[in-house]
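What follows is the residue order along each chain.
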Amino acid sequence: MTTEYKAGRRNFLKGVALGGITATATATMAQEPIQGPPSGTPSPSPNTPRSPGPVTDLNERTPRDRQLTYATCGGDYMVDVMRSLGIEYMASTPSNTMLGLHEAIVNYGMVSDPKLTFITTVHEEASVAMAHGYAKIEGKPMAVGMHATVGLQHGSMAIYNAWCDRVPIFMLVGANLDSARYRNATAWNHAAQDDALIVRDYTKWDDKPSNLRAWGEAAARAYKFGMTPPYGPTLLATDLYMQEDPYPGGKPPPIPKLPRVAPPVGESSAVEDTAKMLVAAERPVIFADRVARTPDGLNRLIELAELLQAPVCDSHNRFNFPWRHPLNQSMRRAGVVQDADFMLELEPGDPFSATSQRLGAGEFRSIMKPGSRRVTISSVDLFYKSNYQNFQRYPSDIDIAMAADAQATLPALIEAVRRQLPANRKDALEARGARWARAHQADLEASKQAAAYAWDGKPISTARLYAELYEQMRTQDWSLLNATDFQSKWPQRLWTANKHYNYIGDSGAQGIGYLGPATLGGALANRKHGRLSVAVNGDGDTMFGPGILWTAAHERIPLLYIIHNNRGYHAEIMQMQAMANRRNRGVDRAHLGNELADPNIDFAMVAKGMGVYAQGPIEHPADLGPAIRRAIAVVKKGEPALIDVISQGR
Amino acid sequence: MAVRFERLLFGIAAACAAATVAIAQSSTPAAPKGTAKAGQALYMRVGCFQCHGTSGGGSAVGPKIAPDPMPFEAFARQVRTPRLVMPVYTTVILSDRELADIYAYVKSVPPAKSYKDIALLNRDPPVVAAAPVTRASAADPVVAGLYASKCAVCHGANLEGVSGPPLKTADMGDRDPMALAAKIKTTMPPQAPGSLSDADANGLAQYILGRNRAP
Chain A
1 MTTEYKAGRR NFLKGVALGG ITATATATMA QEPIQGPPSG TPSPSPNTPR SPGPVTDLNE
61 RTPRDRQLTY ATCGGDYMVD VMRSLGIEYM ASTPSNTMLG LHEAIVNYGM VSDPKLTFIT
121 TVHEEASVAM AHGYAKIEGK PMAVGMHATV GLQHGSMAIY NAWCDRVPIF MLVGANLDSA
181 RYRNATAWNH AAQDDALIVR DYTKWDDKPS NLRAWGEAAA RAYKFGMTPP YGPTLLATDL
241 YMQEDPYPGG KPPPIPKLPR VAPPVGESSA VEDTAKMLVA AERPVIFADR VARTPDGLNR
301 LIELAELLQA PVCDSHNRFN FPWRHPLNQS MRRAGVVQDA DFMLELEPGD PFSATSQRLG
361 AGEFRSIMKP GSRRVTISSV DLFYKSNYQN FQRYPSDIDI AMAADAQATL PALIEAVRRQ
421 LPANRKDALE ARGARWARAH QADLEASKQA AAYAWDGKPI STARLYAELY EQMRTQDWSL
481 LNATDFQSKW PQRLWTANKH YNYIGDSGAQ GIGYLGPATL GGALANRKHG RLSVAVNGDG
541 DTMFGPGILW TAAHERIPLL YIIHNNRGYH AEIMQMQAMA NRRNRGVDRA HLGNELADPN
601 IDFAMVAKGM GVYAQGPIEH PADLGPAIRR AIAVVKKGEP ALIDVISQGR
Chain B
651 MAVRFERLLF GIAAACAAAT VAIAQSSTPA APKGTAKAGQ ALYMRVGCFQ CHGTSGGGSA
711 VGPKIAPDPM PFEAFARQVR TPRLVMPVYT TVILSDRELA DIYAYVKSVP PAKSYKDIAL
771 LNRDPPVVAA APVTRASAAD PVVAGLYASK CAVCHGANLE GVSGPPLKTA DMGDRDPMAL
831 AAKIKTTMPP QAPGSLSDAD ANGLAQYILG RNRAP
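As given, the protein sequences belong to chains A and B, one line each in that order.
The letter at position 18 of the first sequence is residue 18 when you use the numbering used here, and the numbering goes up by one with no holes.
To get the numbering used here, take the position in the second sequence, counting from 1, and add 650.
So here's chain A without its partners, still in its complex pose (with noise of 0.2 Å):
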């Protein structure tokens, strides 16, 4: 039965049979001597430097009641809010400003439904891109519990990926919005007087609410900004004693009602156009970015490029379109745009590069033809910042910029081109349709011999490393939750794919150790759902944060978890080789602060040493098949594993 003592920390001192720590404390004052003002001059204050006595909580001014013990806490407000917006896991390493929090949420979140549950991280950069990955896999955000300061400071990097991304993350970092109640000199060093400064360049929006009910508003308007397409990361600044005091006035504030969300439709007359020229075009072709948000968006790109025969680009920051389907010509992009007479670009990152080429020195030229057309559909045209360049270079040669959610406009631009299509179309299209089929198949077995060649070979080449993994895993519902573009794309060249979950596309800012938590975060939103996840990470991006191997042995996060061992910063390798020729003094030394080599990391004992179930280093290809076909069956009874695979470079 929890008891109440209302009194102020005065009188609990003095009238309370005294805990240890009260104790203590009370045995420190006892020794200390109390030194009065002399007779006659004004009392000074007692947080002044000046002050003849000792400074501590006792002296504090702040006119709170405290209380012995307490039967509610704003914590648990803040778990209510929180579930009411659907979320279902706060990653987070422990810190004690966000002790209210993380208190109410494993004693109240994790015991009663529907249930938030903390998962425990070693960094916060972890905790952030875990949140990114969940959150491209489960359609919506997950939250994130950063200590003040420099908390925020670790995760930082993780923000800016998931802000390029376009990915909602709801965010909180611990604050203390009274000085007065700073418990030390390290309570100084974790204040700060705005706390999401340093990420409000890459953040959609941020508050420090002032109060209970406010934050409840301010959770609220969080979560419905971030999943405002274009979506993005928010950030609240929650004070240490809001979530660890009762509920002012004994009474929890109202939870606040989220409404449902409508992204923004693209403008009726400049769909109207669009469709005119998606129709009149001759070599039309889509290019698709990170415009399936959900598998809705998917759908209907499918829908759209089959209406009109129309190959389709993808850029594979999204599962925008299934691998395998005939109108896929994202292995023969730029001949496909060279060809093009009109481009339609949805929700495109970079809208310059689509079109560019690099001729050297800086200078560019477009690669379509002249008279070609281009409409870009795009959200990000309705909400950007200024300092951080992810904008990317202004291309000069749109004919509409549609400021609004692809996803949520191609309903919408289907109906219109459905309408504006001749009949008399019909042959015209389906042998259009035919000779990008016969592109595609060309492509697919131009890919396959690709593979063929060093399959044998040693290190084990990411062709092979694919095919093998393929085979172990094609006919079970699975996830493949890494970026590919440091393994050739091989998946996207040779696998079959038709779920938006299949692929969930890379970092956004290409920042480096993202890959291990985002994957494990996609692996968490996969859990319940009975999918087999995998991920094929290289050895550098692991050791940016390989505590996230025992997070996921902790947590019982099944993953399969291929390390893509080239043994370096591979990027680094080639572009320092590069560099030292240029400076006639050979590549001898390059691999020097490149290489991962000497000693070689064992990443399977690394493994191991956290919980993680291990095999490895694999170094002949014969080995491949039936160390993933062990991984596998560990990975189905709810564990992660971990396969450590010597590999070409890409």
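Hints should not be assumed to be uniformly reliable.
[Said to hold, decoys possible] In silico contact screen, one side only, chain A against chain B (beta carbon under 10 Å); selected entries:
1. P263
2. H440
3. A463
4. H500
5. Q577
6. D588
Keep in mind the hints are simulated off the structure, nothing from the lab.
Just so we're clear, the structure is a prediction, and the values are computed from it rather than from any experiment.
For glycine and all other residues, C-beta sits at the position ideal for the given N, C-alpha and C.
On the provided structure of chain A, position chain B as indicated by the hints.
Positioned in the frame of chain A, the structure of chain B alone reads:
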């Protein structure tokens, strides 16, 4: 940074391929004699493998250079005066003899086996060469009529299932339209499988999926 670098390499790969063709057409001098074994060691030492793979098969950041390499003159020109970001190898750091050795090595790489002989590369069916779906709407009256005449008697006017299974299910909307079209084409209607045209099977697949995806 890495990604920008790769874009440049894609550009150079295309440019090199074009240059190679042009050079091959204009001149085909005999390659100087080199030693393949020494060339293989050099190939690794001077870092060719980083982009082109340990046996020259290529990757996303470096084109295939073996087996069947380009003519020596083109090969040498690209090594000595590469375009854009490929590392330049002058005679200060790679002698003509060493270059000849490397070329001898890439010439010696045996042909890869055909992918058709590798079981793991032949698991999925080929992409259909026929035109895929063209009538893509659940609202398409032609396809709706086709469904009513060919399918509804067993599967119900509202896909609810009668003597045949229901076609409106929780996971139907996620099905692959091409796979569904193939199933319809090969198994439906039960009394005359294979009687539907490709276009009709595709249209019916899209019709069924569209009605499952409708809000």
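Right, here's what the structure says about each hint:
no.	hint	in the structure
1	P263	violated, 15 Å
2	H440	holds, 5 Å
3	A463	holds, 8 Å
4	H500	holds, 8 Å
5	Q577	holds, 5 Å
6	D588	holds, 8 Å
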